[in-house]
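My request is simple: use the sequences and hints to build the entire structure.
The listed protein sequences correspond, in order, to chains G and Y. First residue of the first sequence: 1, per my numbering; consecutive thereafter. First residue of the second sequence: 1, per my numbering; consecutive thereafter.
By construction, these hints were calculated from the structure, which means they are not laboratory data.
Pairs count within a copy or across copies, as identical chains cannot be separated in the list.
Each computed DSS-like pair below joins lysine-lysine, with the alpha-carbon atoms no more than 27 Å apart: (1) Lys-339 x Lys-256; (2) Lys-173 x Lys-271; (3) Lys-340 x Lys-406; (4) Lys-336 x Lys-114; (5) Lys-336 x Lys-256; (6) Lys-198 x Lys-258; (7) Lys-24 x Lys-57; (8) Lys-367 x Lys-417; (9) Lys-40 x Lys-150; (10) Lys-339 x Lys-24; (11) Lys-339 x Lys-404; (12) Lys-198 x Lys-230; (13) Lys-118 x Lys-31.
There are 2 protein chains.
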Amino acid sequence: MQKINLALLGFGVVGQAVYELLSKNATRIAKITGFHPVIKKILVRDLKKKRKISIDKGFLTTDFNEILSDEEIKIVCELMGGLEPSEEYILKSLHQGKAVITANKALLSERGEKIFTKLNQRRGYLGFEASVGGGIPVIKTIRESLIGNKIHRIVGIVNGTTNYILTQMQERKMDFAKALRLAQEKGYAEADPSLDLKGIDSAHKISLLASLAFNFFVPYDWVYVEGIEKIQLEDLEFANQFGYVVKLLAMAQRVKGKLEVRVHPTLIPEKHILTSVRLNYNAFLIEGDFVGNILLHGLGAGGYPTASAVVSDIVDAIKYIASGQNGLTIYPLYEKERKKEFRPIEECIFRYYFRFQALDKPGVLSKISGILGRHGISIASVVQIGRHRGKGAVPIVMLTHETKEKAVRVALKEIEKLEVVQGETVMLRLFEEKG
Amino acid sequence: MQKINLALLGFGVVGQAVYELLSKNATRIAKITGFHPVIKKILVRDLKKKRKISIDKGFLTTDFNEILSDEEIKIVCELMGGLEPSEEYILKSLHQGKAVITANKALLSERGEKIFTKLNQRRGYLGFEASVGGGIPVIKTIRESLIGNKIHRIVGIVNGTTNYILTQMQERKMDFAKALRLAQEKGYAEADPSLDLKGIDSAHKISLLASLAFNFFVPYDWVYVEGIEKIQLEDLEFANQFGYVVKLLAMAQRVKGKLEVRVHPTLIPEKHILTSVRLNYNAFLIEGDFVGNILLHGLGAGGYPTASAVVSDIVDAIKYIASGQNGLTIYPLYEKERKKEFRPIEECIFRYYFRFQALDKPGVLSKISGILGRHGISIASVVQIGRHRGKGAVPIVMLTHETKEKAVRVALKEIEKLEVVQGETVMLRLFEEKG
Chain G
1 MQKINLALLG FGVVGQAVYE LLSKNATRIA KITGFHPVIK KILVRDLKKK RKISIDKGFL
61 TTDFNEILSD EEIKIVCELM GGLEPSEEYI LKSLHQGKAV ITANKALLSE RGEKIFTKLN
121 QRRGYLGFEA SVGGGIPVIK TIRESLIGNK IHRIVGIVNG TTNYILTQMQ ERKMDFAKAL
181 RLAQEKGYAE ADPSLDLKGI DSAHKISLLA SLAFNFFVPY DWVYVEGIEK IQLEDLEFAN
241 QFGYVVKLLA MAQRVKGKLE VRVHPTLIPE KHILTSVRLN YNAFLIEGDF VGNILLHGLG
301 AGGYPTASAV VSDIVDAIKY IASGQNGLTI YPLYEKERKK EFRPIEECIF RYYFRFQALD
361 KPGVLSKISG ILGRHGISIA SVVQIGRHRG KGAVPIVMLT HETKEKAVRV ALKEIEKLEV
421 VQGETVMLRL FEEKG
Chain Y
1 MQKINLALLG FGVVGQAVYE LLSKNATRIA KITGFHPVIK KILVRDLKKK RKISIDKGFL
61 TTDFNEILSD EEIKIVCELM GGLEPSEEYI LKSLHQGKAV ITANKALLSE RGEKIFTKLN
121 QRRGYLGFEA SVGGGIPVIK TIRESLIGNK IHRIVGIVNG TTNYILTQMQ ERKMDFAKAL
181 RLAQEKGYAE ADPSLDLKGI DSAHKISLLA SLAFNFFVPY DWVYVEGIEK IQLEDLEFAN
241 QFGYVVKLLA MAQRVKGKLE VRVHPTLIPE KHILTSVRLN YNAFLIEGDF VGNILLHGLG
301 AGGYPTASAV VSDIVDAIKY IASGQNGLTI YPLYEKERKK EFRPIEECIF RYYFRFQALD
361 KPGVLSKISG ILGRHGISIA SVVQIGRHRG KGAVPIVMLT HETKEKAVRV ALKEIEKLEV
421 VQGETVMLRL FEEKG
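Right under this line is the structure:
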């Protein structure tokens with residue numbers, strides 16, 4: 001049985017889970033593949049830190065060069081996160097001819113240009129299944145299983161924190177603050193949850209998936225992003241009345257020759273399978289010209305699911321090494337000029353959900369609908385509930401027919417200037433079954 | 001750009017879809033992989049047959065040996081179906097050192113022993129993604145993405161015909177015969193649909209998936225099978241009343257050290273994601289010790305989705321060839337003695353749904369529940385509706401607590417001997433969230 005030595009950079013939740021997985025299942029992997037993966041070194045910041053897993057101190061090091069210069073180490077798994085020094089370690093390891101595995105979506109999405117270019121220049125292996133969707137094999141599915149397809153679109157619920165919060169609000173009539181606290185108690189939200197709530201984590205992920213689906217590097221800052229911080233329980237309830245469920249969707253799609261890549265809360269028809277994606281689960285709906293629609297669903301985060309993905313990359317890296325580094329691992333190329341092919345959000349077409357807070361006075365609805373009409377925005381349904389007569393603002397909620405975003409933005413600004421309308425309008429977009 | 005020549009055996013729905021896919025997308029594949037797949041020969045039975053696709057007659061042949069002896073043909077795609085001559089052609093192609101791809105689940109499930117043994121003896125590539133789940137990448141997910149996991153169970157809705165029929169019955173209150181006719185009109189059911197309705201197609205698929213998940217060859221005849229032919233609309237409606245949806249489930253699982261592999265109609269709690277699998281869609285729920293639960297959902301049949309899977313195998317075969325045939329493609333080994341590790345259906349434990357047809361007379365329920373009680377079967381819920389008083393049989397429907405199948409079979413025989421009970425009892429099993 002041939003041994004393959006690897007190193008872990010970082011020994012937090014994911015690093016320890018990879019260690020546990022290999023302790024438990026490496027013999028099975030060896031039996032199936034013929035190669036036995038062995039962890040030789042682990043890079044840590046603090047040798048003396050107490051860890052859940054007790055490990056011989058001889059395995060630990062604080063010096064990355066000890067790993068880099070060790071020719072017996074063929075595979076380096078970067079599980080530290082953050083941009084620096086992760087980028088430096090990955091580039092140096094690739095340069096040294098080591099296979100690299102990373103779970104670092106932020107790094108690949110923000111700095112992938114340099115890394116992918118290096119990979120395309122000289123042969124090398126970079127596995128990043130764990131960077132998106134935890135244990136869900138979305139990267140392999142796009143790159144390998146759907147390679148025969150022209151991909152039309154990817155629609156994902158790609159962030160467990162926000163999906164957990166929205167599910168609790170929706171199903172248990174909780175307000176946002178309470179649902180967030182619950183998510184934090186359960187360990188589904190960080191102490192500082194802003195990367196998740198603002199949609200930034202989702203944007204990192206969809207930019208990477210878009211790069212794979214469309215075969216050129218789509219940097220993070222091309223993605224239009226809105227988070228869920230402004231979503232109120234009231235809006236989820238109105239959406240329900242209209243037959244919709246609100247989810248934070250990340251979407252990359254080709255519509256009439258142009259690409260749209262964006263993240264925002266979205267109303268999904270309640271019969272659609274994406275509404276069955278509950279709690280901290282993630283899902284990816286991928287549409288290809290031959291395969292039709294494929295949905296992948298599972299736990300998108302957590303040490304154990306992420307370790308499952310890291311180890312599938314370890315086995316692929318072993319195959320790559322065993323084949324004499326002859327794999328066909330082509331990576332998305334950066335093409336700055338492709339930005340022209342992007343459709344900016346203002347040019348996108350949606351159906352919309354609006355909630356206005358208006359004084360309960362005669363003529364309000366006519367004023368609002370008048371402005372919408374002048375901008376060519378046609379109303380499909382409307383609900384106005386006149387409670388608290390004379391006691392301040394009441395909600396006017398409507399769904400529109402298809403409209404260009406640009407028109408909506410101008411109309412809403414005008415409406416917000418009306419004296420009878422108070423505060424900011426809640427504006428959400430609807431998911432359409434077809435592009 | 002390097003060309004790779006391939007041959008298709010069979011040019012029916014799937015063969016023509018593979019041809020179409022490569023005509024449309026081969027340049028894209030070549031750009032990504034560096035290799036251009038080219039169809040050099042197609043084996044057909046009748047050179048003159050009219051086909052949807054017009055093709056130069058020079059590509060067609062009726063002589064398999066012309067393909068076998070052509071050293072330029074590196075990949076053979078068997079898309080004919082049936083046991084003979086498919087088996088012969090696959091074995092000969094492998095022997096000749098060609099990579100082989102097949103969509104033939106029946107062959108692999110019934111005769112896989114010989115084929116997998118041959119593959120393990122001498123290196124070779126056999127791709128069979130298209131044999132289960134159409135375009136859904138379930139084979140690659142089990143073999144590659146979940147390789148780090150010990151798999152606890154696979155639960156699948158793996159047959160589109162039966163799922164379409166059950167969905168129509170359930171959602172549109174159609175009887176079985178009408179739903180079957182509709183499925184035939186839509187092309188979702190064959191003229192002779194018995195392989196699907198009896199659960200045999202599902203059994204072929206789950207036996208193959210079980211082989212991959214448990215790493216030894218599980219032949220078709222180890223699978224316990226019940227179809228949907230006896231399901232009546234009435235049963236779907238009663239199941240609904242109890243909060244369940246009926247699906248034909250294929251299941252392979254490890255429970256307390258023993259394996260259970262079976263196919264039967266099953267009551268699934270209506271909140272479970274498997275109940276969102278509608279119409280002709282398929283889904284696979286795979287549970288691993290690290291990844292948790294992964295669900296894959298999509299079109300499980302049809303020319304285009306199947307072609308998508310065949311082409312993903314073609315690209316993997318190209319990688320295998322490009323790497324100097326150094327892939328790590330280990331196949332399930334046949335181990336006859338593992339049959340001892342199987343739990344026969346009589347020893348399995350379920351909750352049950354029963355529908356008795358009983359005369360509407362005093363004491364009937366007490367007689368039935370008396371017999372159940374004597375066999376240790378405890379009733380959880382019961383519905384008895386006394387319509388048509390004095391006019392023949394009425395249904396008595398119940399759900400039980402957990403019971404061993406053996407006890408149920410004996411009890412039902414005894415109940416069916418009661419004079420007040422008419423005809424055969426409908427007995428369905430419930431799906432439990434945990435094995």
